[in-house]
Each structure stands twice: as C-alpha cells, then as structure tokens.
Amino acid sequence: MLGCRRHARLLDKSRDAELSTREALFLANHESRCERCAALAEADWGLSVLREQAFPEDLELSPQFTANVVAMVRVDRGRERVSYWAPAMVGATVAAIAVMVMLQLFSRANAPAFTNSPVGEARLDRSAEPPAFPNLDRSSDHK
Amino acid sequence: MFGTRAVVNPVSDTLSDDLHWLERCRQGDDAAVTYLVNKHRNRLVRTAANILRDRFEAEDVAQDAFLKAFRELHRLRDDRAFASFLYRICVRLCMDRLRSKRAEPAEFDGVESSDGPQIETRIVVEELLETLTPELRMTLVLREMEQLSYEEVAEIMHVPIGTVRSRLHTARERFRHLWLDANKETA
Numbered sequence: 001m002l003g004c005r006r007h008a009r010l011l012d013k014s015r016d017a018e019l020s021t022r023e024a025l026f027l028a029n030h031e032s033r034c035e036r037c038a039a040l041a042e043a044d045w046g047l048s049v050l051r052e053q054a055f056p057e058d059l060e061l062s063p064q065f066t067a068n069v070v071a072m073v074r075v076d077r078g079r080e081r082v083s084y085w086a087p088a089m090v091g092a093t094v095a096a097i098a099v100m101v102m103l104q105l106f107s108r109a110n111a112p113a114f115t116n117s118p119v120g121e122a123r124l125d126r127s128a129e130p131p132a133f134p135n136l137d138r139s140s141d142h143k
Numbered sequence: 001m002f003g004t005r006a007v008v009n010p011v012s013d014t015l016s017d018d019l020h021w022l023e024r025c026r027q028g029d030d031a032a033v034t035y036l037v038n039k040h041r042n043r044l045v046r047t048a049a050n051i052l053r054d055r056f057e058a059e060d061v062a063q064d065a066f067l068k069a070f071r072e073l074h075r076l077r078d079d080r081a082f083a084s085f086l087y088r089i090c091v092r093l094c095m096d097r098l099r100s101k102r103a104e105p106a107e108f109d110g111v112e113s114s115d116g117p118q119i120e121t122r123i124v125v126e127e128l129l130e131t132l133t134p135e136l137r138m139t140l141v142l143r144e145m146e147q148l149s150y151e152e153v154a155e156i157m158h159v160p161i162g163t164v165r166s167r168l169h170t171a172r173e174r175f176r177h178l179w180l181d182a183n184k185e186t187a
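Quick note, the sequences are listed as chains A and B, same order. Just so you know, we're using our numbering here: the first sequence kicks off at 1 and counts up by one. Just so you know, we're using our numbering here: the second sequence kicks off at 1 and counts up by one.
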C-alpha cells in the first residue's frame, strides 16, 4: 500500500526521537488503513520489551573477577618477558656452543698426533741392572 | 520515544585520572591494573551480558577483553580513549563468540514456563536475538539495551554512522516481524 515505506521509516524514527504532530497523524491514519503496518506498529512493543530485558547496572560479579584479571595479566607479563629475552638466550647459547667447538678444534690442531700403532719399537733390556729402590724399612735403622 | 542515556557513555566517559593509572600500568604496577579493572568491570560485563545473554560467559569475555587491552596497551595512541579501546575489544570478542556459536536458527516451539510470563518473555527475546546476524544483533543491543548514541555505536563497532543507521533499521524491522511471528505461535 502507498505510504508503507514512510510508515516504516517513521516508526523507526519514533524510537530515537519525538515525532512531529504531522508525522504522528500520518502513522495513525496509515495504521487505520493498512493492517500489516498496524501489526508492525504493535510489534514495536517488542523492542520496548527488549530494552526492559537489559541486565541491571549493578550486575553482581564473581568476587574473584578482579583478582583473576590481575593474575592473568601478571602471567601474561611473565610470558612476554620470556618471549622478549628468548631470542637473546638462543643467540647466546648458539654463540657459546660455537666458541666451545672452535676451542676444541684449535686445541686438537696443536696437539701431538695420537695413534694406536705408534712408530718405533720398545725393547726390554734384561742385561741392565734393575733400578735401585730406596729402602723404606725403618725398623732396620733402630737395630 | 527514548532518549540517549546521558550518564553512560563509554566513549567519552574517560576520566583524566585514567592517564595516571595507565602510565603506572605500563610500568607493570598491579595496583594500577586493579584500579582500572574495578573501574570498568561492571559496565563491561553488563554490555557483554546484554550481547551474549549469558552473564557467566560475559564475565569470561570481559576478563579476556581486559587481558587483551593491557597486552595491547602500547597500541593505544591516546590514553584518554582507553574506555572506548576496551569496549571495542570486548565487543569484538563478543562478536567472535556469537559467530562461533551461531549454528542453527532458533525455533519457536511454544515456550512454556512455570516461572511466569516474565521468564517466558525473556526466553522469547533471547531466541529472537539469536536469529539475527551477529552484526544486526550487536547494533540492536548497543542501541536499544545499552542506549548508546549512533556515534558511539559507530565508534565501538568501527563502522561508519550510515552503516549503523541501516543496520539498526534492518534489525528493528526484522525484530518486529519475528516478534509478531513468535506471538502468533505462542498464542
């Protein structure tokens, strides 16, 4: 029907602001002629019900609410600190390992060659006198 | 018919002492965190509860919003906008929850309750809200339940004011139709 769109627009406007007398009259006239728009205007009450269903301002919260948030923030900061220092720690570890490997390689390069089969031979000379060991037996001294 | 609530304005309701506490908060002061949480928690939980229609879930979302806000405090260019920054995070988290929850539309299978018509009405309202898309539902709740101005809704939802107008018009129209259908079926 003619005017339905205007009716919808004015119905919407009426929720945000006061309508002029002319606008209010148009709504009333149109609703008397258009059954569908009259039903919608009646359903506008549903939006008022919606507003009434809002939770109260002084909504009761769990007593631990603030403590929980503070604890969560503290844990998060700790994590952040770890993640902040983690790259530096990894870098330092890699550098330390590299230094150790370098030292190891350097000390090996200067060390005498090590082998399980040395060049040369060892002989036992049985003709030589056995080495003289010092006499540690002090009891003979007293006699 | 309804004027915008003058007292509650999360966007411009930032007090200058927030600046001092935010600075302390950046330095890792727990007392500052406590102060800011205590100051904003009721309003934040209420907003989340109105959007999600579940006060326990709302508390979870509000806690997450606080955590995220404190984590991203370095992104806040103007400390005076902390409240709207916080509400924007909360609304975004609510939107994410709504999107993940929205599986199938609710059906009106004749609401029956022994607790009287008030509970019945509440259930109908919640079911109607569930049928709306998260964007429409959010706009409707922020305007009708939270009674925020169009500018505030636009700022919190991070959309142009024209988008708020058109979404609100669509949401209201759809809600009226759904309300009619629900009343026909329960009658």
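Since the hints were derived computationally from the structure, they do not count as laboratory data. Please note: incorrect hints may appear among the correct ones.
With a straight-line cut-off of 20 Å between C-alpha atoms, the simulated EDC-like cross-links for lysine to aspartate or glutamate are [what the hints assert, rightly or not]:
1) B:Lys184 - A:Glu57
2) B:Lys39 - A:Glu121
3) B:Lys68 - A:Glu80
4) B:Lys68 - A:Asp76
5) B:Lys184 - A:Asp58
6) A:Lys13 - A:Asp44
7) B:Lys68 - B:Glu57
8) B:Lys68 - B:Asp79
9) B:Lys39 - B:Asp78
10) A:Lys13 - B:Glu173
11) B:Lys101 - B:Glu127
12) B:Lys101 - B:Asp54
13) B:Lys39 - A:Asp58
14) B:Lys184 - A:Glu42
15) B:Lys39 - A:Glu129
16) B:Lys68 - B:Glu127
17) A:Lys13 - B:Glu130
Nothing here was measured: the structure is a model prediction, and the numbers come from that model.
For each hint, the structure was consulted:
For the hint pairing Lys184 (chain B) with Glu57 (chain A), the CA-to-CA distance comes to about 33 Å; that exceeds 20 Å, so the pair is violated. Our distance criterion of 20 Å between C-alpha atoms is broken by Lys39 (chain B) and Glu121 (chain A), whose separation comes to about 91 Å. A C-alpha spacing of about 13 Å is found between Lys68 (chain B) and Glu80 (chain A), which places the hinted pair at or below 20 Å, so the restraint holds. Annotation: proposed proximity of Lys68 (chain B) to Asp76 (chain A) holds, straight-line Cα distance about 10 Å (limit 20 Å).
Taken as a hint, the Lys184 (chain B) and Asp58 (chain A) pair is broken in the structure, with Cα atoms around 35 Å apart against an allowance of 20 Å. The hinted pair formed by Lys13 (chain A) and Asp44 (chain A) meets the criterion: a straight-line CA distance of about 12 Å does not exceed 20 Å. Only pairs whose Cα atoms come within 20 Å are accepted, and Lys68 (chain B) paired with Glu57 (chain B) is accepted, the gap being roughly 16 Å. For the suggested pair Lys68 (chain B) and Asp79 (chain B), the alpha carbons sit about 16 Å apart, so the restraint of at most 20 Å is met.
With a CA separation close to 19 Å, the supplied pair Lys39 (chain B) and Asp78 (chain B) stays within the 20 Å bound. With a C-alpha separation of about 12 Å, the suggested pair Lys13 (chain A) and Glu173 (chain B) falls inside the 20 Å cut-off, and the hint holds. For the proposed pair Lys101 (chain B) and Glu127 (chain B), the alpha carbon gap of about 13 Å is at most 20 Å, so the pair holds. Only pairs whose Cα atoms come within 20 Å are accepted, and Lys101 (chain B) paired with Asp54 (chain B) is accepted, the gap being roughly 13 Å.
As the CA atoms of Lys39 (chain B) and Asp58 (chain A) are separated by approximately 13 Å, the hinted pair is consistent with the 20 Å bound. Taking the CA atoms of Lys184 (chain B) and Glu42 (chain A), the gap is near 13 Å; set against the 20 Å cutoff, the hint holds. For the hint pairing Lys39 (chain B) with Glu129 (chain A), the CA-to-CA distance comes to about 100 Å; that exceeds 20 Å, so the pair is violated. Only pairs whose Cα atoms come within 20 Å are accepted, and Lys68 (chain B) paired with Glu127 (chain B) is rejected, the gap being roughly 30 Å.
Using a Cα cut-off of 20 Å, the hinted pair Lys13 (chain A) and Glu130 (chain B) is violated, with the two alpha carbons roughly 24 Å apart.
Comparing the model with each earlier hint shows violations of hints 1, 2, 5, 15, 16 and 17; every other hint is respected.
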